[in-house]
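Asker: So the sequence lines, in the order shown, correspond to chains V and A.
Each step along the first sequence adds one to the number in this note's numbering, with nothing skipped, and position 340 is 340.
Each step along the second sequence adds one to the number in this note's numbering, with nothing skipped, and position 141 is 514.
FYI, nobody ran anything at the bench for these hints, they're computed from the structure.
One or more of the hints may lead you astray.
[Claimed, not checked] Partial pick of chain A residues on the chain V-facing surface, computed with a CB cut under 7 Å: (1) Ile412; (2) Val413; (3) Ser431; (4) Ile432; (5) Val436; (6) Gly471; (7) Val616; (8) Gly619.
Each residue gets a CB set at the ideal place from its N, CA and C atoms; glycine is no exception.
For reference, the chains in residue letters:
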Amino acid sequence: MSAELWTRRMSRRTFLGVAGSAALGIGLAACGAKSSPVSSASTLASIQPKIDGDLNYFNWADYMNPAIINSFEKEYGVQVHQTYFDNMSGMMAKIRAGVPYDVTFPEAVEAYQLREGGYLLAYDHSELSSWKQVIPFFHNPWYDPQSLHTVPYVLWTTGIAWNSQKVSNMTGSWNDLWNHPEAKGYIELLNDMHETLGMSLLRLGYSFNSVDPGQLSDAVNALLQLKPSIRGFTSDDEMSIDSGQVWIQHAWSGDFWLAMSRMPASQRKYWKYETCKEGVPVGNDTMVILKNAPHPGTALLFIDWVLAHAAENVGWLGYPMPETDALTAFGKIVAEYPALNVTTEMLTHGVQFKYLGQAGLQLWTEDWTKVTA
Amino acid sequence: MMRRWVWRLSLIPGVAWLVVLFVLPIGFVIAVSFGTVNIVGAPVYGWHPGNYSQIFQSIYVTVFLRSLLFALATTAICILLGYPVAYFVVRFGGRYKGLLLGLVILPWFVDYLVRIYAWVSLLGDQGFLNGLLHTLGMSGSPPLRLINTPYAVIGGLTYDYLPFMILPLFAVLGQVGDSVIEAGKDLYGTPLQTFFRVTLPLSFPGLMAGCALVFLPSVGDFATAQLLGGPNSYMIGNLIDGVFEGGGYWPFGAALTALVLAVLFVPMLLYVRYALRGGAVIPG
Numbered sequence: 001m002s003a004e005l006w007t008r009r010m011s012r013r014t015f016l017g018v019a020g021s022a023a024l025g026i027g028l029a030a031c032g033a034k035s036s037p038v039s040s041a042s043t044l045a046s047i048q049p050k051i052d053g054d055l056n057y058f059n060w061a062d063y064m065n066p067a068i069i070n071s072f073e074k075e076y077g078v079q080v081h082q083t084y085f086d087n088m089s090g091m092m093a094k095i096r097a098g099v100p101y102d103v104t105f106p107e108a109v110e111a112y113q114l115r116e117g118g119y120l121l122a123y124d125h126s127e128l129s130s131w132k133q134v135i136p137f138f139h140n141p142w143y144d145p146q147s148l149h150t151v152p153y154v155l156w157t158t159g160i161a162w163n164s165q166k167v168s169n170m171t172g173s174w175n176d177l178w179n180h181p182e183a184k185g186y187i188e189l190l191n192d193m194h195e196t197l198g199m200s201l202l203r204l205g206y207s208f209n210s211v212d213p214g215q216l217s218d219a220v221n222a223l224l225q226l227k228p229s230i231r232g233f234t235s236d237d238e239m240s241i242d243s244g245q246v247w248i249q250h251a252w253s254g255d256f257w258l259a260m261s262r263m264p265a266s267q268r269k270y271w272k273y274e275t276c277k278e279g280v281p282v283g284n285d286t287m288v289i290l291k292n293a294p295h296p297g298t299a300l301l302f303i304d305w306v307l308a309h310a311a312e313n314v315g316w317l318g319y320p321m322p323e324t325d326a327l328t329a330f331g332k333i334v335a336e337y338p339a340l341n342v343t344t345e346m347l348t349h350g351v352q353f354k355y356l357g358q359a360g361l362q363l364w365t366e367d368w369t370k371v372t373a
Numbered sequence: 374m375m376r377r378w379v380w381r382l383s384l385i386p387g388v389a390w391l392v393v394l395f396v397l398p399i400g401f402v403i404a405v406s407f408g409t410v411n412i413v414g415a416p417v418y419g420w421h422p423g424n425y426s427q428i429f430q431s432i433y434v435t436v437f438l439r440s441l442l443f444a445l446a447t448t449a450i451c452i453l454l455g456y457p458v459a460y461f462v463v464r465f466g467g468r469y470k471g472l473l474l475g476l477v478i479l480p481w482f483v484d485y486l487v488r489i490y491a492w493v494s495l496l497g498d499q500g501f502l503n504g505l506l507h508t509l510g511m512s513g514s515p516p517l518r519l520i521n522t523p524y525a526v527i528g529g530l531t532y533d534y535l536p537f538m539i540l541p542l543f544a545v546l547g548q549v550g551d552s553v554i555e556a557g558k559d560l561y562g563t564p565l566q567t568f569f570r571v572t573l574p575l576s577f578p579g580l581m582a583g584c585a586l587v588f589l590p591s592v593g594d595f596a597t598a599q600l601l602g603g604p605n606s607y608m609i610g611n612l613i614d615g616v617f618e619g620g621g622y623w624p625f626g627a628a629l630t631a632l633v634l635a636v637l638f639v640p641m642l643l644y645v646r647y648a649l650r651g652g653a654v655i656p657g
């Protein structure tokens, strides 16, 4: 009898204790609001282009030709300490936490957010000897007016890859994903909220970055209508193409190239890549120096080095960089697949990823989750 | 008297660990679910119950029920497969008991994701099983779709969590002892009756522990469904992961998480009450 009472009392006490701790967590969270480390006003920092220590490098894994990093280390006698992230969310979380990286690689939208949040160093780009090689579009991009904080890294487009042995009649339109019932079960879309929901918006004639609830609702319904025909959502389109498990793939340009470079010629001759007339999403990564970078001098020299060796990078990456030498080199590499080139026309009149705003982000997240559910 | 206090003190590190690294973070998640974000995506705490307005839609309820179903199926299969293994090793393992148990745990020396990829190469279109069918002249074109199905997901989950079922059963069956089973046979005659009247009831605590250890993590699992599942077999974990890792609106993901926690709290509470009530008492 007393054992019964004890266990009952114990479980209520335990429950209250646990609930109290959780409530404490909520309270601590509310009180311990982290303040942004810096103001958002950007005065030009003057960085001396000379080595001030080893480099803390924070990038995607396998996203730079190791030869460039090695040659930089040899040339300047420093070490490049490499840390990797798997996605933009992870990168942002670490930067918000103030981890002292020197140079990192946010995409355009994240670069905009970091700049607005005051996390990036503004510096005189004439300190970069290779800055004049960068094409004029990036001297004043939408995400960084006057390009005081960023240097563009890699460019990509998003399109459709297909196996012409299994599927024909592709029309250069996003409708090609919807209009091939014979490929049911062998179509994959990108597991990327902005790419896929944005693509559905483009197909309906709306803006790639629309935050109109009605338009988004139409885009969601179109994707839900397509859903029974797809095999799945993938982040590894390269593997999907190489494995032969898809006939039509919503794909990134560079991943298509990499998949082709690994494919035996007998299969490769059937694969094609197209960009779509309703709109070609063009994205780019950037190189930035963080405001709390412990070694901004080394970071500046590193960015300059990468720009100077851009032509070496593009062959290894499969993606172009917006420098004159690199674009020429890339054009030669992908001569077989001219659709993989990113032209100035695409940049100026193409579709760019924009920051959706907090309210827009909430709407998009809820709608995208509905699509993937 | 003093000894009791010493024992209680020894609980402090473990409890502190659980509170700081488990309970407090849950509190943070709930706080984030009522907040919003700033320009760089950092949570801004406040009162925005609107974050919860979307999560009760039928589409999420469907996914959540599907996750519960997958987890239940996984638990059931783990019992059917795991119980015989544990029983066999305990009763007939003899001096090889440790080795056999080691073999059960061996896959866990390999990283979780790599184990799922093993199933991808097993079940894939160009995988081992399809290759076997092809060699036997039994495959058609296109190859048999084994992967990206709900069955592949349940199979992967079962493979992954089976040791969690076998180990508690092994522990509790080990305590039952041959003498008790012999006594049972004397009383009940047939081995089958002995099993259902003596062995099974005595193994209940281990069975319940195994069920809890398999069911609760399976509900939230997402890596398995991501690689082995298709658009109609994604689980609630996939949706939450999609928000946090996919650059989504974190408070929404936190609200979904809170929903999962709230629902899972019920079976968890039931298990804790079962365990606190003492479960079954095992004779020495």
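Asker: If a hint holds in the structure, say so; if it doesn't, say that too.
Answerer: Hints and how they fare:
no., hint, in the structure
1, Ile412, "holds, 5 Å"
2, Val413, "holds, 4 Å"
3, Ser431, "violated, 10 Å"
4, Ile432, "holds, 5 Å"
5, Val436, "holds, 5 Å"
6, Gly471, "violated, 35 Å"
7, Val616, "holds, 6 Å"
8, Gly619, "holds, 5 Å"
Violation of the numbered hints given earlier is confined to hints 3, 6; the remaining hints are satisfied by the structure.
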